[in-house]
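Number of protein chains: 4
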Amino acid sequence: MTRRHALREFARFAAASPLLALPPQANPAKLEEMINVFDFDPIAKSKLAKPNYEYVTGGSWDEWTLKRNRTEFDKIILLPRFMRRVDKLDLSITLFGEKLDMPILVAPTGTHTMVHPDGELATVRGAGAAGAAMVVSTSSSYPLAKIAAEANRPLWFQLYTGPDLDGTRDRVENARALGCKAICLTVDAPYHAPRERDARNNLVRTFGEAKAGPRRRRYSEEAATSPFGLPMRFQATLDWSFVDQLCAYAKLPVLLKGILTPEDAVLAAQHGAAGVIVSNHGGRYLDGAPSTIEMLPSIVDAVEGRIPVLIDSGFRRGTDILKALAIGATAVLVGRPPLWGLGAFGQDGVQRVMEILRNELAWAMGLAGRSTIASLDRTLLRY
Amino acid sequence: MTRRHALREFARFAAASPLLALPPQANPAKLEEMINVFDFDPIAKSKLAKPNYEYVTGGSWDEWTLKRNRTEFDKIILLPRFMRRVDKLDLSITLFGEKLDMPILVAPTGTHTMVHPDGELATVRGAGAAGAAMVVSTSSSYPLAKIAAEANRPLWFQLYTGPDLDGTRDRVENARALGCKAICLTVDAPYHAPRERDARNNLVRTFGEAKAGPRRRRYSEEAATSPFGLPMRFQATLDWSFVDQLCAYAKLPVLLKGILTPEDAVLAAQHGAAGVIVSNHGGRYLDGAPSTIEMLPSIVDAVEGRIPVLIDSGFRRGTDILKALAIGATAVLVGRPPLWGLGAFGQDGVQRVMEILRNELAWAMGLAGRSTIASLDRTLLRY
Amino acid sequence: MTRRHALREFARFAAASPLLALPPQANPAKLEEMINVFDFDPIAKSKLAKPNYEYVTGGSWDEWTLKRNRTEFDKIILLPRFMRRVDKLDLSITLFGEKLDMPILVAPTGTHTMVHPDGELATVRGAGAAGAAMVVSTSSSYPLAKIAAEANRPLWFQLYTGPDLDGTRDRVENARALGCKAICLTVDAPYHAPRERDARNNLVRTFGEAKAGPRRRRYSEEAATSPFGLPMRFQATLDWSFVDQLCAYAKLPVLLKGILTPEDAVLAAQHGAAGVIVSNHGGRYLDGAPSTIEMLPSIVDAVEGRIPVLIDSGFRRGTDILKALAIGATAVLVGRPPLWGLGAFGQDGVQRVMEILRNELAWAMGLAGRSTIASLDRTLLRY
Amino acid sequence: MTRRHALREFARFAAASPLLALPPQANPAKLEEMINVFDFDPIAKSKLAKPNYEYVTGGSWDEWTLKRNRTEFDKIILLPRFMRRVDKLDLSITLFGEKLDMPILVAPTGTHTMVHPDGELATVRGAGAAGAAMVVSTSSSYPLAKIAAEANRPLWFQLYTGPDLDGTRDRVENARALGCKAICLTVDAPYHAPRERDARNNLVRTFGEAKAGPRRRRYSEEAATSPFGLPMRFQATLDWSFVDQLCAYAKLPVLLKGILTPEDAVLAAQHGAAGVIVSNHGGRYLDGAPSTIEMLPSIVDAVEGRIPVLIDSGFRRGTDILKALAIGATAVLVGRPPLWGLGAFGQDGVQRVMEILRNELAWAMGLAGRSTIASLDRTLLRY
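Which chain is which? The protein sequence lines are Z, P, U and G, in order.
Heads up: the first sequence begins at 0 in numbering that gives the first Met the number 0, then just goes up one per residue.
Heads up: the second sequence begins at 0 in numbering that gives the first Met the number 0, then just goes up one per residue.
Heads up: the third sequence begins at 0 in numbering that gives the first Met the number 0, then just goes up one per residue.
Heads up: the fourth sequence begins at 0 in numbering that gives the first Met the number 0, then just goes up one per residue.
Simulated from the structure, these hints should not be mistaken for laboratory data.
The reader is advised that the hints may include incorrect statements.
All copies of an identical chain are treated as equivalent in the list; a pair is satisfied when it fits inside any one copy or across any two copies.
[Claimed, not checked] Think about it this way: if two alpha-carbon atoms lie no more than 30 Å apart in a straight line, the pair counts; the simulated DSSO-like pairs of lysine-lysine are:
hint: 1; residue 1: K74; residue 2: K29
hint: 2; residue 1: K87; residue 2: K145
hint: 3; residue 1: K87; residue 2: K98
hint: 4; residue 1: K49; residue 2: K29
hint: 5; residue 1: K74; residue 2: K49
hint: 6; residue 1: K66; residue 2: K44
hint: 7; residue 1: K44; residue 2: K29
hint: 8; residue 1: K66; residue 2: K180
hint: 9; residue 1: K145; residue 2: K44
hint: 10; residue 1: K29; residue 2: K250
hint: 11; residue 1: K74; residue 2: K145
hint: 12; residue 1: K250; residue 2: K74
hint: 13; residue 1: K180; residue 2: K74
hint: 14; residue 1: K49; residue 2: K87
hint: 15; residue 1: K66; residue 2: K49
hint: 16; residue 1: K49; residue 2: K145
hint: 17; residue 1: K98; residue 2: K180
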């Protein structure tokens with residue numbers, strides 16, 4: 000009998016025996032006890048149904064990229080400098096002609112009602128209270144108009160195309176009409192994601208809605224017309240000419256989200272994109288793709304400052320953000336942390352998550368001897 | 000009392016005490032719940048006697064090479080490209096003048112009746128239903144003729160020589176007569192394998208049969224005439240002149256299976272081999288040998304396209320296969336996965352395993368921006 | 000039910016059930032049973048309140064730098080040489096014109112009464128009995144005059160500035176008047192430390208005192224006038240001109256403690272510092288900063304012998320100290336080890352800790368074929 | 000309550016409660032069930048008092064070098080070649096004009112009666128039965144004459160000097176008179192070893208005897224006249240002139256055992272040594288020293304074939320031995336494995352251990368395509 004087996008048997012025994020009735024749960028955690036972003040994760044987990052929690056937190060296939068998103072930060076060391084005045088810290092940046100209070104945005108993630116009934120309405124209020132801009136997903140639970148009505152900071156719109164390209168254009172124009180400041184076209188999802196947790200949880204994620212269904216059986220069969228029964232998206236049919244068209248009609252800065260190579264970043268600039276977001280979709284699409292922080296230097300170098308380079312995937316600490324900014328990113332987006340905040344405490348949780356990240360960034364800058372975002376460069380780093 | 004000790008004691012206690020009688024097993028797993036290839040492993044384990052399961056799954060000595068076969072894939076990163084049409088995916092290849100629906104074959108493994116009573120008959124039916132070619136082992140449980148009668152895809156024949164070289168030639172000619180399309184001569188097994196699990200399980204593996212016996216006691220003594228009591232095979236007496244002879248009389252493409260160095264790959268081409276299979280025998284022979292995926296680049300480079308380079312050992316995910324193909328392999332063979340499928344669900348399990356691998360490969364190609372096998376190259380990879 | 004969950008449930012069960020009443024504690028450990036410095040840690044832990052123990056032992060944020068302080072020593076290998084007389088070993092050094100019996104000093108740490116009621120009085124007696132010099136913190140629990148009265152080895156004074164720069168000068172002059180031999184200005188703490196353990200323990204650490212308070216709630220809010228609610232120190236307003244002033248009026252050697260880059264070490268020498276202490280504050284300030292042992296070679300090389308380079312952070316073994324001295328450090332400071340000794344056994348514990356480190360250093364030198372500190376150089380090392 | 004704590008509590012609970020009385024031990028293990036060298040370790044452990052077992056198995060300080068002795072083998076990969084006749088394998092070598100059946104010797108270790116009452120008498124009989132030469136320690140439990148009387152293979156004599164250099168010469172001449180074929184002077188032990196397990200076990204190891212005593216209290220104080228209370232050996236006073244003298248009067252090949260640098264290996268040759276044994280004393284002296292297998296290449300290169308280079312420390316598998324021989328070692332010594340064999344099964348255990356290592360080496364050579372020791376070179380290796 001192996002150790003693993005013994006433990007498993009113990010667990011089954013513990014679950015089955017009345018002798019092992021457990022004492023009642025400790026008092027639930029409170030918002031004011033949250034010290035860092037990780038603290039929100041187990042609270043959210045305890046409040047959410049397993050399929051919903053795992054939808055938010057899981058990655059694709061073996062979750063190798065998901066893990067690498069965290070471990071690669073450890074390979075970058077911060078070199079603090081001292082005896083420099085750091086009593087005044089300024090986190091603001093200017094992006095597409097607009098001032099942002101801090102270089103941290105809420106990344107686009109779908110269907111926030113899976114996590115909290117107020118969904119994106121709570122998220123946008125919480126983010127705004129903390130001073131953070133937000134990118135709203137095409138797959139939002141609430142209409143963009145309703146979300147925009149609650150926003151007090153810049154909103155951007157994340158775009159998935161559907162089979163109807165005219166409908167896509169309508170979507171973009173609607174976003175612009177509602178005051179969105181930029182369009183983020185997701186480029187890394189030509190097929191739906193191979194997320195096995197969702198399959199095991201019988202969770203079907205489709206455009207703009209989440210529902211339970213008989214997915215486990217051949218979870219790749221839903222798109223019967225696709226090759227090999229794969230769950231293809233319409234985006235599989237797009238090429239760079241679509242970027243040309245979108246940039247032409249959007250009348251807003253268009254960013255390509257999901258870029259992972261210097262080559263695609265240069266192509267993005269050549270095809271009119273106003274920026275790129277280096278992203279592996281939070282480890283949720285091609286497992287085996289690199290972490291974004293390891294690709295960032297070569298992408299920044301290739302783009303040569305022609306367009307801003309933003310980044311997401313795996314950022315959990317102010318020091319993570321500091322590293323990306325020092326490499327040359329203009330801003331950082333965070334996806335799961337505000338969802339943990341939302342799931343754990345609703346709007347207040349989102350606000351606190353964004354404040355913690357902002358304060359950690361400021362704190363790390365102060366301890367490293369840097370007062371402004373513009374002063375950050377690669378002399379701060381050691382590999 | 001150490002922690003390990005405490006756990007061991009707990010395990011023994013749990014096994015001995017009637018108080019700890021466990022609730023009945025959950026319902027057995029079903030084929031439609033299998034999401035990936037790993038899922039089949041514990042099912043097969045639960046259905047097989049321990050010696051049989053460990054014979055299939057174990058490796059040699061410390062199983063260092065067995066583990067390295069998995070970990071080395073993690074050192075290769077996939078660099079996806081986007082905004083390329085990927086709605087049509089084609090996995091077919093042409094090999095020795097014949098079209099294969101996919102670049103994944105069932106590797107030769109012996110004695111499938113150790114795993115399922117239908118043995119290779121079930122395997123070849125399942126593989127065929129998924130569109131996969133199969134390599135039948137010299138040590139198959141059923142006669143090649145019976146297996147060939149069930150095949151609807153190309154069969155190849157794996158060759159071990161015996162002490163009777165004329166018999167070897169008969170075997171090759173029989174395979175050709177039965178329609179086999181290629182001969183794979185295994186070159187890495189001049190002695191039987193130092194697999195300690197088999198010794199501990201008193202399992203004797205000999206030519207074409209498996210039976211329990213008093214093997215534990217001096218498990219190297221069975222071949223009394225060998226040096227140091229080692230279990231020598233007749234193959235220990237062969238040299239390259241045998242390859243010359245075999246290639247001369249086979250009248251079929253001859254592949255050498257077990258090649259691990261650029262030097263031997265070049266020698267194989269010089270001695271008339273039609274291809275090589277880079278293999279460490281699934282970590283089952285010389286422990287301390289490299290993983291195959293780490294040797295593949297230098298072997299492909301050395302061969303310079305003169306003959307196709309195939310590969311096996313440790314492939315479990317479509318992304319693993321994608322990495323090998325991008326390095327330059329023509330096709331990939333998988334050994335344990337179809338055996339897990341066979342042990343878990345018989346013919347249907349084999350079919351599902353091969354379909355999963357095929358679909359994962361296609362899915363990974365789509366997410367990486369590649370539509371055909373021919374389009375795969377090393378620009379997809381980062382080390 | 001996962002394994003982790005099963006274990007957690009077991010723990011709760013064990014805590015709740017009277018059946019699991021444990022046998023009485025074994026006899027308490029004795030000083031003469033302490034073999035190495037690590038042995039003191041669990042004894043101190045068992046005797047201290049959790050907030051106090053964690054204050055001493057914890058690091059900042061994810062404690063990454065705290066861990067790296069230990070792991071980087073493992074990357075340096077010692078190359079012993081033999082057939083050299085080593086029956087006479089001499090550990091003494093001369094620093095700022097004064098002979099020290101050994102190149103190991105007690106590092107400045109604050110508020111020793113958190114660990115033992117006799118505080119720094121016990122520490123200085125214990126250190127002196129072992130022959131070690133000590134650096135007294137600005138935040139000491141007892142007045143410097145009282146501590147100095149107990150010292151029989153050189154004392155140095157660690158300096159934090161307060162908002163009143165005149166008061167700072169008074170502090171320095173007082174130290175000189177009381178016989179301190181050097182001033183160590185801490186440069187790496189412009190803000191208070193992001194130590195989450197302290198926040199969770201509701202521990203407030205301010206200048207010279209420790210008290211419990213409602214810190215958990217927004218633990219960054221205590222300094223309301225700081226940017227982003229960060230706990231700023233007056234030191235955030237200082238720049239190199241303060242070093243110029245301090246060196247001018249101190250009339251003692253001034254060392255800058257907290258230097259982590261060659262650039263700052265060179266600046267220190269240029270601004271009149273008599274030495275630098277390479278330190279990351281024991282992993283207690285900027286998490287993500289490098290270990291000191293990995294930065295030491297480049298700092299020693301940059302300073303080119305103009306001023307002595309001392310080092311602290313993570314030293315626990317005589318071999319750790321040997322590595323730093325061989326790289327080129329003049330002396331090593333240890334912070335937590337004497338505090339463990341103090342917490343575990345008071346003055347005698349401090350003495351024994353310092354003796355153990357001294358003896359281990361001598362022993363390692365003897366086994367490596369080196370008899371004097373001056374004979375240590377980088378030929379002893381392999382990376 | 001942490002997981003570790005829960006487990007510890009469980010262990011104490013399990014030990015204290017009559018409910019948890021365990022079923023009787025399984026039948027004791029038998030010699031014929033031993034498959035590899037590791038198998039003997041737990042058997043020996045179960046039969047020996049803890050201080051004795053830990054004396055044999057433990058290392059110095061943090062046992063870092065002890066662990067590195069194993070892990071560094073993993074960085075060397077074996078590159079097997081095929082289609083080479085390997086049906087005849089020859090392990091014999093010629094060393095100092097004498098033929099040895101295999102390039103594996105029993106390393107000198109002290110006081111075998113700590114492990115088995117028959118001590119070195121059983122060891123030398125078992126080694127001889129397997130065809131292995133043995134190096135007898137100065138600290139043997141039985142007189143060299145008695146051991147020599149049982150030997151049927153070459154014996155070498157390991158030399159420690161005592162304070163009486165004339166006595167040392169007598170010892171050497173006695174060894175020669177008793178037929179020893181070489182002298183191995185241990186050079187890496189100028190002080191006794193910092194082995195904390197022995198200190199915690201109150202074990203005193205002195206010249207030629209082992210007894211329990213009050214060692215825990217200041218375990219470094221036993222040699223009161225040494226610097227810093229360290230347990231100095233007379234060898235601390237020696238230098239290279241002693242090697243000159245020893246080589247002059249020994250009239251036997253003199254090997255220096257404990258060499259870890261190319262520089263000392265070259266000095267050894269220059270001072271008349273007939274060979275060196277690269278050794279870190281099994282990780283039992285300077286912790287932080289390198290593994291021997293990582294230093295071997297540079298030592299072999301520096302010696303340039305002038306004298307043979309032997310090696311020990313951490314060899315447990317035939318493949319470990321194969322790696323050292325391929326780098327350029329002439330032979331390998333093994334210390335703990337025969338002691339495990341002796342402790343577990345007496346003379347028969349020693350024999351079986353040495354046979355297993357011999358057979359594994361032969362088996363690995365066969366599987367790698369090498370038939371003789373002379374054919375081994377660095378083309379077999381990949382780093």
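Here's how the hints hold up against the structure:
no.	hint	result
1	K74 / K29	neither (34 Å within a copy, 42 Å between copies)
2	K87 / K145	neither (37 Å within a copy, 38 Å between copies)
3	K87 / K98	within (18 Å within a copy, 44 Å between copies)
4	K49 / K29	both (21 Å within a copy, 22 Å between copies)
5	K74 / K49	neither (33 Å within a copy, 32 Å between copies)
6	K66 / K44	both (19 Å within a copy, 28 Å between copies)
7	K44 / K29	both (14 Å within a copy, 28 Å between copies)
8	K66 / K180	neither (32 Å within a copy, 44 Å between copies)
9	K145 / K44	within (27 Å within a copy, 54 Å between copies)
10	K29 / K250	neither (44 Å within a copy, 53 Å between copies)
11	K74 / K145	neither (42 Å within a copy, 46 Å between copies)
12	K250 / K74	neither (40 Å within a copy, 43 Å between copies)
13	K180 / K74	neither (35 Å within a copy, 40 Å between copies)
14	K49 / K87	neither (44 Å within a copy, 35 Å between copies)
15	K66 / K49	within (20 Å within a copy, 32 Å between copies)
16	K49 / K145	within (28 Å within a copy, 49 Å between copies)
17	K98 / K180	within (12 Å within a copy, 52 Å between copies)
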